[in-house]
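Asker: I would like the entire structure built from these sequences, with the hints used as guidance.
As you go down the protein sequences, you meet chains A and B in turn.
Position one of the first sequence corresponds to residue 228 (my numbering), numbered consecutively onward.
Position one of the second sequence corresponds to residue 6 (my numbering), numbered consecutively onward.
Some hints could be false.
Here chain B is said to cover these stretches of chain A; the calculated rule only asks that three of the stretch's residues, wherever they fall, bring their Cβ under 8 Å from a Cβ of chain B [as the list claims (entries may be wrong)]:
#1 359 to 369
#2 534 to 547
#3 705 to 714
Derived lysine-lysine pairs resembling BS3-like cross-links, with alpha carbons at most 27 Å apart [to be verified]:
#4 B:K166 <-> A:K528
#5 A:K378 <-> A:K414
#6 A:K609 <-> B:K71
#7 A:K733 <-> A:K760
#8 A:K437 <-> A:K532
#9 A:K317 <-> A:K414
#10 B:K71 <-> A:K451
#11 A:K532 <-> B:K166
#12 A:K609 <-> A:K331
#13 B:K71 <-> A:K335
#14 B:K166 <-> A:K335
#15 A:K538 <-> A:K414
#16 A:K308 <-> A:K636
#17 B:K166 <-> A:K367
#18 A:K443 <-> B:K166
#19 A:K414 <-> A:K548
#20 A:K753 <-> B:K82
#21 A:K437 <-> B:K166
#22 B:K82 <-> A:K760
#23 A:K390 <-> B:K71
#24 B:K71 <-> A:K331
#25 A:K451 <-> A:K528
#26 A:K458 <-> A:K414
#27 B:K166 <-> A:K329
#28 A:K288 <-> B:K71
#29 A:K736 <-> A:K753
#30 A:K538 <-> B:K166
#31 B:K166 <-> A:K331
#32 B:K166 <-> A:K548
#33 B:K71 <-> A:K744
#34 A:K653 <-> A:K308
#35 B:K71 <-> A:K329
Listed next, the stretches of chain B that the computed footprint assigns to chain A, with coverage defined by at least 3 CB atoms under 8 Å from CB atoms of chain A [said to hold, decoys possible]:
#36 102 to 115
#37 274 to 287
#38 290 to 298
Honestly, the hints are just simulated from the structure, not real lab data.
This one's a predicted model, so the numbers in the text were calculated from it and none came from an experiment.
Don't be surprised by glycine CBs; every beta carbon is placed ideally from N, CA and C.
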Amino acid sequence: MKGKFKGMSLLLIATMLVTTLSACSGKNGNEVNSGNKGSTGNATTQPSDEGGKAPDPVTLKMMLFGEKPIEMDTVLAEFEKQTKDTLNTKLSFEWNPNADHKQKLTLKMSAGESVDAAFDAPWMSLNQNVSLGYYTELDKYFNNDEYPGLKAAFTEDYLNANKINGHIYSIPLTNAFYDIDVVYIRKDLREKYGLQPIQSYDELQVYLEKVQENEKGILPMANKNDRGFYKLFNLEDKLTNAKMISGMSPAFYVYLSDDGKKVLGATTLGDDASKFEGLAAPYNDPYYFYPQYAKNVEWNKYIQKDVLSEKDAQALFVGGKAASNEGTINGAAQIRQRLQSAVPGADIEMFVYNSHIRNMEKEAIGTDYKAWNDIVIPVTSKNADRTMKFFDWLFSSTENHDLFELGIKDTHWTASGDRYYKMTDKTTDYIFPSYEFSWNPTMSRINGDNDEETLKLLDYQSQNETYYLQPLSGFTFDTEPVKSEIAKISPVVQQRDPIFNNGLDKNWKETATKLNKQMEAYGLEKVRAEVIKQVQAFIDGGAQ
Amino acid sequence: MKNSVAIEAQAPEMRKQNRPSPFMNEMRKHGLLYLLTLPGMLLIFVFSYLPMGGIVIAFQNFNAIKGITGSEFVGLKNFEFFVQSREVLHVIFNTLFLNALFILFGTLASVGIAVMFSELGGKWFKRIVQSLVTLPNFLSWTVIAMFVTALLSSDTGMLNKWLEPLGIGPIAFFNEPAIWPLVLVLIKIWQGAGFGAIVYLATITGINPEIYESASIDGASRFEKIRFITLPLLKPTVILMMLLAMGGIFYGDFGMIYALIGRNVMLYSTTDVIDTYVYRALMDLGDMGMAAAVGVFQSVIGFILVVTVNQLARKFSPDSALF
Chain A
228 MKGKFKGMSL LLIATMLVTT LSACSGKNGN EVNSGNKGST GNATTQPSDE
278 GGKAPDPVTL KMMLFGEKPI EMDTVLAEFE KQTKDTLNTK LSFEWNPNAD
328 HKQKLTLKMS AGESVDAAFD APWMSLNQNV SLGYYTELDK YFNNDEYPGL
378 KAAFTEDYLN ANKINGHIYS IPLTNAFYDI DVVYIRKDLR EKYGLQPIQS
428 YDELQVYLEK VQENEKGILP MANKNDRGFY KLFNLEDKLT NAKMISGMSP
478 AFYVYLSDDG KKVLGATTLG DDASKFEGLA APYNDPYYFY PQYAKNVEWN
528 KYIQKDVLSE KDAQALFVGG KAASNEGTIN GAAQIRQRLQ SAVPGADIEM
578 FVYNSHIRNM EKEAIGTDYK AWNDIVIPVT SKNADRTMKF FDWLFSSTEN
628 HDLFELGIKD THWTASGDRY YKMTDKTTDY IFPSYEFSWN PTMSRINGDN
678 DEETLKLLDY QSQNETYYLQ PLSGFTFDTE PVKSEIAKIS PVVQQRDPIF
728 NNGLDKNWKE TATKLNKQME AYGLEKVRAE VIKQVQAFID GGAQ
Chain B
6 MKNSVAIEAQ APEMRKQNRP SPFMNEMRKH GLLYLLTLPG MLLIFVFSYL
56 PMGGIVIAFQ NFNAIKGITG SEFVGLKNFE FFVQSREVLH VIFNTLFLNA
106 LFILFGTLAS VGIAVMFSEL GGKWFKRIVQ SLVTLPNFLS WTVIAMFVTA
156 LLSSDTGMLN KWLEPLGIGP IAFFNEPAIW PLVLVLIKIW QGAGFGAIVY
206 LATITGINPE IYESASIDGA SRFEKIRFIT LPLLKPTVIL MMLLAMGGIF
256 YGDFGMIYAL IGRNVMLYST TDVIDTYVYR ALMDLGDMGM AAAVGVFQSV
306 IGFILVVTVN QLARKFSPDS ALF
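Answerer: Below, the structure is given as structure tokens:
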């Protein structure tokens, strides 16, 4: 025991020594640096109120998930060099495994450990955590002349759509309001069968049939576990007075009166016919919103038998073991590269399965202009102002923005016009998860290494006319009042959806009705009433 | 522990005789020895008893910012979802059933391996084999899950490829819930039995060789020696290990089940355990209070089980009871 203690105390002393020493050297380093450089600001654009005098040095702690980019430190050094006299800020990034990020953030806050900026998202825990009061309200930083970068990069509409309970709690991140869904197919195989480029579900089916007949060892289509066929065969109608409320189990469709002032009802899959009475056509059809499930059953023969145990469907496609794979357009360049390195001579093609999007119609995609990803400042942070100053700097010029998003110009990337960038052989040394930190509809560059067709679609999805505003934009459901019910219902839904999404249940209508009864026993009606109540309150509150 | 119980039991008698307090007496006599145990007791107190205050989270609408002292007290509300859901009975059954299988067959396999090792000659051979059976214990479940997929998959699985020439199959393992308790037990044995055998092997090594010698002189065969000496002398250890395992019988092996089954809902009917169920139920909500409530529930039941089984053990085999 004594020996152990001795060892421990030695360790402790050693740690303390090292930290003090490193702190000293840090300070010295700073002094040397600032001595070498003048105190006049350099080329970067800066808020004028700084007046050329650098603020006290500060180190901001950032929490993201994923892999640390190999040359992160080079980019940070460049950042510090550029902003020594203006921001005088160091950034310390913590990279967590994806699965741990959410818990770790909550734990850090319970322990009172300060984090200055962290990733969160509506699909993670943003809404719950805001309602629990975990995040700093950021209203005063936006549309404020002291933060010109933020003012320019975040339009009022964009911010309004991302408000929670009427306030801004996050820096919303997105590069477009939709990532177009496609089915990736093998161009080389299609040509081998003498087929024309695929333009419809029927033609896709012919292609899958051909693969099934001719290619032993190649699966016609690889699905991603519970994601299943995803949005294939989904309803394509434009919705102006109905909206799916997600972010809880089960998802509800809410119907509004023609003037949008009153909630007429809320339904979910498997509800009995009485719930649909009194709704206007086409909503009075209980299965109006679910055309995909029957098709999924029909197409189930093309996918993996053990689809629910699938760990990496994309690997099957890029490894040449599957002939098609559902995904989004952003991944195109990478998927092509991976496929070609595994199967020489192969090439990909994309089938945009939503017909409105395929024809690049205007107002084809409904959106509430909500970003999928966000940066938040936990209330435990003592440096909220400095953190927002940093983000103001980041969004104040394309050069600053490019530095973090793409790395050092002409090393990690090269510019190609104002909108595009091209990859270099060093690109892989700096793959920054920009969707967690810097994505912005006006500032993010598009990968110019894509083929023409992809670039056209990427351009299309970045244009405003492509979208129409969905009703109830800005509404977020607060799960707190019905969390016991949701905790009971959620396992039921999570057992149902993967099966339906992959078409594994021929009698899906009966199953849905049966599970709905079970959910009813767990308080489905209470959740429904809460949904209607919250949506009505949201409308009455004057929004939208 | 035993000493202190003994002291308390003697206490009333001592007081009658008006002697100095027995506690002080004991301290004067063995003070230094107690001082030696102090760091250990302190460590246990700090790391095992102080954190128990956190149990209070299970009864709170916990808020990380307000902390344990500031969060609203909600009584048993956090337990509601778990107690009221009908599936819970099912997952509790699965948890108990799978764990019972794991404990039973795991112990049998471990004891078997230990006995075999104790009978093995050849120093090098023994060491190599011993390392080989212990090795799987150090593989992560994620890695094992990949082996299992490669082995059992319907489209590309090795097992199905081997069965094909025999005219059997293909067996769709990943769609067939009934097979999985067996599959899980086999995997669990492969992974853990070798490591579990170490304790038993140590016990066997500790058995006085003279007993075996005298048995040999009396003409006992190898099997008779195992049957009448090794196994009976192993019994207290076996019961002790089972008692310890009993405490965790309400905890599903999340790492194992989640890695192997993942989100394959087709297999839930036989493989869904409390931990995976709760994970799914609370994944969207991320509510610490409700998660803690289930944890408390599992611990309390586990504690009750350990006490009961210990009571039983004391009745039938006093040597092997824990306390």
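Asker: Quick check: which numbered hints come out false for this structure?
Answerer: 5, 7, 9, 10, 14, 17, 27, 31, 33 and 36
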